[in-house]
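If you read the sequences in order, they're chains A and B.
Using the working numbering, you'd call the opening residue of the first sequence number 1 and step up by one each time.
Using the working numbering, you'd call the opening residue of the second sequence number 1 and step up by one each time.
These aren't lab readings, by the way, just hints derived from the structure by calculation.
Be careful, since some hints might not be right.
Under 10 angstroms between C-beta atoms, here's a sample of chain A residues computed to sit facing chain B [as the list claims (entries may be wrong)]:
1) Asp28
2) Val61
3) Asn69
4) His232
5) Ala234
6) Met236
7) Gly257
8) Gly259
9) Trp335
Glycine residues also receive a C-beta, built at the ideal position from the N, C-alpha and C atoms.
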Amino acid sequence: MTVVLDKQRKVITGNGAAAYAAMLCRPDVVAAYPITPQSEVIEQLAKFHADGVLDCQYVTVEGENSAQNVVCAATMAGGRAFTATSSYGLVYMYDAMFQTAGFRAPVVMINVNREPPGIHAVCSGQQDMISVRDTGWVQLIVEDCQEILDTTIMAFRLAEDYDIQLPVIVNYDGYYLSFLAESVEIPGIEEVDRYLEVLKSQPPRSRLVPGEPLGCGSHGIGAGYVELRKKHMAAMERVKAKIDEIDQGFSEAFGRGHGGQIEEYRTEDADVVLVTSGSAVGTARTMIDAKREAGIKVGLVKLRLYRPFPVERLSQALEGKKAIGVLDRSICFGWDCGPLYMETLALTPRIGLVPMLSFIDGLANMDITQEHIGRMIDDIYGASTGRPYQEVTWLP
Amino acid sequence: MAVERKRQPKVCDYYQNDDQFSPGVAFCSGCTLELNLRFVSRVLGKDIIFVGTPSCSAPVLHGQNVGAWHRHGYYACTMTGVASSASGLTRYYEQAGIEATVVCHTGDGCAMDVGFQTLSGAAERNEKMIYICYDNEGYMNTGIQQSSATPFGASTSTTPSGTASQGKTTGSKNMPLVMAMHDIPYVATATLSHLEDYAKKLVKAKAIAKEGFAYLHVFCPCVVGWKIPVDSSVQVCRDAVRTNYFPLWEVEDGSYRITQPVKDPKPVGELTKTLGKFKHLRDEELAILQGQVDHRFKVLQALCAGTGEPQ
Numbered sequence: 001m002t003v004v005l006d007k008q009r010k011v012i013t014g015n016g017a018a019a020y021a022a023m024l025c026r027p028d029v030v031a032a033y034p035i036t037p038q039s040e041v042i043e044q045l046a047k048f049h050a051d052g053v054l055d056c057q058y059v060t061v062e063g064e065n066s067a068q069n070v071v072c073a074a075t076m077a078g079g080r081a082f083t084a085t086s087s088y089g090l091v092y093m094y095d096a097m098f099q100t101a102g103f104r105a106p107v108v109m110i111n112v113n114r115e116p117p118g119i120h121a122v123c124s125g126q127q128d129m130i131s132v133r134d135t136g137w138v139q140l141i142v143e144d145c146q147e148i149l150d151t152t153i154m155a156f157r158l159a160e161d162y163d164i165q166l167p168v169i170v171n172y173d174g175y176y177l178s179f180l181a182e183s184v185e186i187p188g189i190e191e192v193d194r195y196l197e198v199l200k201s202q203p204p205r206s207r208l209v210p211g212e213p214l215g216c217g218s219h220g221i222g223a224g225y226v227e228l229r230k231k232h233m234a235a236m237e238r239v240k241a242k243i244d245e246i247d248q249g250f251s252e253a254f255g256r257g258h259g260g261q262i263e264e265y266r267t268e269d270a271d272v273v274l275v276t277s278g279s280a281v282g283t284a285r286t287m288i289d290a291k292r293e294a295g296i297k298v299g300l301v302k303l304r305l306y307r308p309f310p311v312e313r314l315s316q317a318l319e320g321k322k323a324i325g326v327l328d329r330s331i332c333f334g335w336d337c338g339p340l341y342m343e344t345l346a347l348t349p350r351i352g353l354v355p356m357l358s359f360i361d362g363l364a365n366m367d368i369t370q371e372h373i374g375r376m377i378d379d380i381y382g383a384s385t386g387r388p389y390q391e392v393t394w395l396p
Numbered sequence: 001m002a003v004e005r006k007r008q009p010k011v012c013d014y015y016q017n018d019d020q021f022s023p024g025v026a027f028c029s030g031c032t033l034e035l036n037l038r039f040v041s042r043v044l045g046k047d048i049i050f051v052g053t054p055s056c057s058a059p060v061l062h063g064q065n066v067g068a069w070h071r072h073g074y075y076a077c078t079m080t081g082v083a084s085s086a087s088g089l090t091r092y093y094e095q096a097g098i099e100a101t102v103v104c105h106t107g108d109g110c111a112m113d114v115g116f117q118t119l120s121g122a123a124e125r126n127e128k129m130i131y132i133c134y135d136n137e138g139y140m141n142t143g144i145q146q147s148s149a150t151p152f153g154a155s156t157s158t159t160p161s162g163t164a165s166q167g168k169t170t171g172s173k174n175m176p177l178v179m180a181m182h183d184i185p186y187v188a189t190a191t192l193s194h195l196e197d198y199a200k201k202l203v204k205a206k207a208i209a210k211e212g213f214a215y216l217h218v219f220c221p222c223v224v225g226w227k228i229p230v231d232s233s234v235q236v237c238r239d240a241v242r243t244n245y246f247p248l249w250e251v252e253d254g255s256y257r258i259t260q261p262v263k264d265p266k267p268v269g270e271l272t273k274t275l276g277k278f279k280h281l282r283d284e285e286l287a288i289l290q291g292q293v294d295h296r297f298k299v300l301q302a303l304c305a306g307t308g309e310p311q
C-alpha cells in the first residue's frame, strides 16, 4: 500500500494515529521494544521505515530500558528521537527516564496506558503513568484518535522548545483507544514541517558531537545540582502557558485545537463539576448533557496536562462550584483515593472547601459506563445539596 | 663502523595527540585505570567520545573534581545504559552524516552484570562502536564487592574468606569469549604490561568500529581491592599473561589468534601468591583455579586451531 503524505482523512486506530504523527515529525532516531497494547505503533513505524517513507535510524533494542537510553542519547547528540511503550515497559525505563529528564533531553514518548501491578492485568488502566509522576517528564493524556495524532505533533513542538527542553509523554488509554479505529484527519507532511519550522529559528541546544568536548551527565554535587533542579522545576512550570500557546498555534495552523492544559465542557454556569481524563471523557460528556436535561447543572473538566499539574487553570474552572467529583482510572496508596483526586484536593486553599468525591473506576478494562458516570453525577449533586456522601467510591 | 639498525617501533609511535587528561586526576596510587584511560585516549585520538557510568573511572570522566579533568566529549549514563546510550549517539551521527568514534569505557560490573543485556543487544545489532571493559574483577568503586568477573577463591567484601569460607565459590564469566560468541567483527583481550599489543588492537578496533562492534577486554589490577603494593600493578598484568591466567588474544571476523604466545607458562600460583585477595587459598583451591585456567586456555587453543593460524 502506498503511503500518502498529503493531507487526508483516514480511518486509523489510536496506535496508527500515534505512528502517523511520529512519522510526520521526521524523527532522526526511533528506538522501540514491543509490548501489548503499544506494539502496533512501532510496527507501523517499522513499516514506514521499510517502505522508505520514514528516513530515520530504527533501532530494534533488546528492552525498554535500552530504548529510553538510545533516544535520550540521540537527542543529546542533537537529533529528534521517538519511542513508545506501555505498562511494564514504562516502569522498566524508570532509571533511564530520570536521566532523560535530568539531561533535559527533549524526547517524545507514547505511553499506551495499561495496568502494571503484579496481578498481571493485560488491560487498560492509568497506573503506569501515575507511577512515573516524579521523574521530571511532562505528561499529557488524551481522549481520542484525532487528539493522539495532534498532541503527538504538539509534543515535539513543546519538548524541543528552547524555553522548555523537557521530555514529553503522550498518554492514551490502552485497548479503548489503542485499538479503536476512528476517522482521523492526517495533516500533510509539509504542513507539519511548516508547523515545526519555528524550532529551527530558536537558539541551538547544546549537543554532544565529536571535536566539541562537552560533558553530558557530569557530576553535579551541592549547589550545581540544586541550581539544575531549580531550573528543571522552572521549565516545568513554563510548560503550562506554553502548552496553551502551542495548542492555540496548532489550532491556527490546522483548524482544530484541544484546549491546552484542560478542556472545559459546560462548566461556566455549572453548580457541580466532574473532573476526568482520557477515553472516559466522551462518555462523561454524553452524561453531562443527559443530566443537564434532567435539571442538574453539571459541567466537565477534561484534564489534558498531568505533569505539570494545571493548578491555575483547574482552580479557575473549579472555583465557586458547590461540589466536585474526580474520576480516576488508577489508585493512590497512602491516601486511600484516586491520584487525580488527591491532586485536585490539594487545590482546596485556592478554591475553598467544598464537598469533593473520589471515584475509582475503569481498572483493568472494567468499562466506565454511562450508568456509572450518571451515578457519580448524582452523588456529586447530592453532596452539593448537603446530602451525606461517601468520599471515595470504587465502581462498579 | 656504525651499524644502521632498523628502529624498533615504540608504543609512543601509536600516539595521536598529547595527553588529554590533566595531572592530578582522582585515581588511587598505582591504579591501572589511569594508565588505561590516558593510553586509550592517546591512541584513539582526541575526538573520541567516551561513554561511561558510575564506577572507578567516574570521578575522572564525569568531572567530580573539575580541577583535574580531561578534554574529551563525555556521556555519563546509568549502569544499565552504556551500550544503548552509545547506540543512540552513533545512530544519530550516522543519520546526520557525522563521523565519530564512540568508546564505551566501563568496569566489569557494568559490562558483565548489570549492563550486560544492553551490551549484548548492541553487539547483536552490530552497532558501530568500541566497547572497552576494564576488568578489575569486582565492584571496586563501591568497596570491593564480588562481580561475575571475580575469580574462584577471591576474597571480596561480599565473598570474604573466613573460617567457613575460602572466598568466591564459583569462577568468573569468560566474558571475552561470551562477546566473541556474538559473532561481532572484533574481540580482543589486552593488558597494560603489553602496550604495543594493546595499541595495535585499539587501532584495529577504531577501524573496525566504522563498520561494526569492537569489544576489548582489558585486564586492570586494582591495588586496593587486590591488596597489592602500589608499584606492582603492571608486574601483576605481566604475571597474568605469563601464567595464561589472562592470555592475550583476538578474534577478527571469526578467526581466533593468540597475539602473545607464552612459552612454558608458569603455574597460576606464581600470580596468586602476589595478590592479597588470594592469600588464604589452600593447595586444593589453587588446584581448582589452575584447572579453570587450563581449561579456558585449551578452549582458546581449540578455537585458534579451528579457525585461525596454527599456534
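Structure-based check of all given hints:
The interface hint given for aspartate 28/A holds, since its Cβ lies 5 angstroms from the closest Cβ of chain B, which is under the 10 angstroms cut-off. Interface hint at valine 61/A: satisfied, since its Cβ lies 6 angstroms from the closest Cβ of chain B, which is below the 10 angstroms cut-off. For the restraint placing asparagine 69/A at the interface with chain B, the shortest Cβ-Cβ distance is roughly 4 angstroms, inside the 10 angstroms limit, so the hint holds. Residue-level restraint check for histidine 232/A is violated (minimum Cβ-Cβ distance to chain B is 17 angstroms; threshold 10 angstroms).
The closest approach between the C-beta of alanine 234/A and any C-beta of chain B is roughly 23 angstroms, which is over the 10 angstroms cut-off, so the hint fails. Here the hint on methionine 236/A is broken, as its CB sits about 22 angstroms from the closest CB of chain B, past 10 angstroms. A hinted interface residue such as glycine 257/A counts as satisfied when its beta carbon comes closer than 10 angstroms to some beta carbon of chain B; here the least separation is about 32 angstroms, so the hint is violated. The interface hint given for glycine 259/A is violated, since its Cβ lies 34 angstroms from the closest Cβ of chain B, which is over the 10 angstroms cut-off.
At its closest, the beta carbon of tryptophan 335/A sits 31 angstroms from a beta carbon of chain B; the interface hint therefore is violated under the 10 angstroms criterion.
Violated hints, in rising order: 4, 5, 6, 7, 8, 9; the structure is consistent with all others.
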